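Undergrad: Below, each chain spelled out in residue letters.
There are 2 protein chains.
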Amino acid sequence: MPEVLGVLGGMGPLATVDFLRKLIEETPAARDEDHLPVVVYSVPQIPMRPAAILDGGVSPLPAMIEGIRTLKQAGAVAIAIPCNTAHYWYDELRHAGGLPIVHIADAALAALAGRCAPGATIGLIGTRGTLAAGFFQQRLAAHGYRCIVNSDADQAQLVLTAILHVKGNQLDAAAVLLESAVAKLMHEGAAGVILACTETPVVLDRLSPQTAAICVDATRALAKACVAWWQHRA
Amino acid sequence: MPEVLGVLGGMGPLATVDFLRKLIEETPAARDEDHLPVVVYSVPQIPMRPAAILDGGVSPLPAMIEGIRTLKQAGAVAIAIPCNTAHYWYDELRHAGGLPIVHIADAALAALAGRCAPGATIGLIGTRGTLAAGFFQQRLAAHGYRCIVNSDADQAQLVLTAILHVKGNQLDAAAVLLESAVAKLMHEGAAGVILACTETPVVLDRLSPQTAAICVDATRALAKACVAWWQHRA
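Going line by line, the protein sequences match chains A and B. First residue of the first sequence? That's 1 in the working numbering, and the numbers climb one at a time after it. First residue of the second sequence? That's 1 in the working numbering, and the numbers climb one at a time after it.
Here chain A stands alone, though its shape is the one from the complex (with noise of 0.2 angstroms):
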């Protein structure tokens, strides 16, 4: 059995699409065969992330276990997860999986390194469960951002709305509403705005240039440390 990158996908699934391109994308690659092996498991039958950190709902943390065993079986020697929110269960994900998973709050990280020097005001966008969780908030203090989130009218009406919009294939819509999120975090000083929920950089492309510029799409760095990792290893 070949050994492969496993995907834990399907939250959402046009996100796992997304991820899935920019994988793609990132790798240098003229024929089929240079491309990295994959398997997708994209079970969007699961229960929804920020209502178990936040409110206490039916963990989904079963179901990704269940997903990851799936992916290790079909020759899965690394997990990518395309959903921020996931990576609150990090830890119990890769104990419970017994494989690597390449991080993408790390990632993204890494990525705002290359543009924003330490100092630097960082907007963050994502889902309530993911802000609540801390993990990309504790890697800016760690690399010495400040960060500034949208408040809690805009990460109603703003953000979560484009998210469910991108969850229904409503991505012009979706895209309206991201553009005046990414404007009112730059309005406040932000020098660089991380798209850290997957459904977010979906419609990236539909955003203006000036706020398209500032933007860091998690998804691709999650790709491209992807490809890096799967270059790398041993």
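These are calculated hints, taken from the structure and not from any lab test. Take the hints with a grain of salt, since some may be wrong.
For chains that are exact copies, the list does not tell them apart, and a pair is met inside one copy or across any two.
With a straight-line cut-off of 20 angstroms between C-alpha atoms, the simulated SDA-like cross-links for lysine to any residue are [what the hints assert, rightly or not]: (1) Lys72 to Pro2; (2) Lys224 to Gly56; (3) Lys72 to Met1; (4) Lys184 to Ala51; (5) Lys72 to Pro37; (6) Lys224 to Gly168; (7) Lys224 to Ile65; (8) Lys184 to Cys116; (9) Lys184 to Ala213; (10) Lys184 to Gln73; (11) Lys72 to Glu92; (12) Lys224 to Asn169; (13) Lys72 to Glu188; (14) Lys72 to Asp106; (15) Lys72 to His103; (16) Lys72 to Glu3; (17) Lys184 to His103.
All of these numbers come straight from a predicted model, not from anything done at the bench.
The hints should help you fit chain B onto chain A, whose structure is shown.
TA: Quick look at chain B alone, frame taken from chain A:
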């Protein structure tokens, strides 16, 4: 373990992503959990299909069977293969894998039947392997269509080169060549043109509107057929 649609992909990788995106677009869904659960085996380190059909090259069949068996172990109850040429081995794959396979040519013919009346001349664009295999021509004849294909020179210079450009992620270059290949078939009287190599519909949105309008996207047809299969399964 949840039941899933198994996708035998990687032939090529970008065509697989194109199929997955169309699977989402063809699913009536507003939320993550409305989408089909899928597991995708995308291992592009597999012998080229046309060379095996035409020139006695190494057979990709064992690798494809391994893929289907891996998908079955991961919960697959039916298989989709977003590669037209691979359907040359349809009977062997169905037998060895022990799972139903939604046939891309049946799906494409269903899409065509909704647009062109029997008796019409239909252009067929595919790899030399797919054209030599004959399963599209047989179905077109059975439905009362006349089938035309590009000349050998155009097949080599336009179609094959376009396919290789898509595999190398050179999409604009691919679109120019595909535009020309489709236009030549229109000029010879084609009322519809089936894009029967999954690399070609990847650039369908880069064709001129009048050219795109007569194309039948076999990848989208397969996606639609998979959604219908899933919704009507016992």
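Undergrad: Next, verify each hint and record whether it holds.
TA: Verification of the supplied hints:
When the C-alpha separation of Lys72 and Pro2 is checked against a cutoff of 20 angstroms, the pair qualifies both within a copy, at 11 angstroms, and between copies, at 16 angstroms. Within a single copy, Lys224 and Gly56 get their C-alpha atoms no closer than 34 angstroms, and across copies no closer than 37 angstroms, so neither meets the 20 angstroms cut-off. Taking the shortest alpha-carbon separations for Lys72 and Met1, both the intra-copy value of 11 angstroms and the inter-copy value of 14 angstroms come in at or below 20 angstroms. For the identical chains of this complex, Lys184 and Ala51 are neighbours neither inside a copy (26 angstroms) nor across copies (55 angstroms), given an alpha-carbon limit of 20 angstroms.
For the homomeric pair Lys72 and Pro37, the shortest alpha-carbon distances inside one copy (13 angstroms) and between copies (18 angstroms) are both at most 20 angstroms. In this homomeric assembly, Lys224 and Gly168 come within 20 angstroms of each other (Cα to Cα) only across copies, at 17 angstroms, whereas the closest approach inside a single copy is 27 angstroms. Taking the closest pair of Cα atoms, Lys224 and Ile65 never come within 20 angstroms of each other, the shortest separation being 24 angstroms inside a single copy and 30 angstroms across copies. In the homo-oligomer, the alpha carbons of Lys184 and Cys116 lie at most 20 angstroms apart inside one protomer (19 angstroms), although the nearest pairing across protomers, at 51 angstroms, exceeds that limit.
Proximity of Lys184 to Ala213 under the C-alpha cut-off of 20 angstroms is restricted to the intra-copy arrangement: shortest distance 15 angstroms within a copy versus 41 angstroms between copies. Taking identical chains as interchangeable, the C-alpha atoms of Lys184 and Gln73 are never at most 20 angstroms apart, the minima being 45 angstroms within one chain and 48 angstroms between chains. For the homomeric pair Lys72 and Glu92, the shortest alpha-carbon distance inside one copy (16 angstroms) is at most 20 angstroms, but the shortest distance between copies (27 angstroms) is not. In the homo-oligomer, the alpha carbons of Lys224 and Asn169 lie at most 20 angstroms apart only across protomers (16 angstroms), although the nearest pairing inside one protomer, at 25 angstroms, exceeds that limit.
For the homomeric pair Lys72 and Glu188, neither the shortest alpha-carbon distance inside one copy (44 angstroms) nor that between copies (52 angstroms) is at most 20 angstroms. Proximity of Lys72 to Asp106 under the C-alpha cut-off of 20 angstroms is found in neither arrangement, the shortest distances being 23 angstroms within a copy and 34 angstroms between copies. Taking the closest pair of Cα atoms, Lys72 and His103 come within 20 angstroms of each other only inside a single copy of the chain (17 angstroms); across copies the shortest separation is 29 angstroms, beyond that limit. In this assembly of identical chains, the alpha carbons of Lys72 and Glu3 lie at most 20 angstroms apart whether taken from the same copy (9 angstroms) or from different copies (17 angstroms).
Proximity of Lys184 to His103 under the C-alpha cut-off of 20 angstroms is found in neither arrangement, the shortest distances being 28 angstroms within a copy and 49 angstroms between copies.
In terms of the numbered hints stated before, the structure departs from hints 2, 4, 7, 10, 13, 14, 17, listed from lowest to highest.
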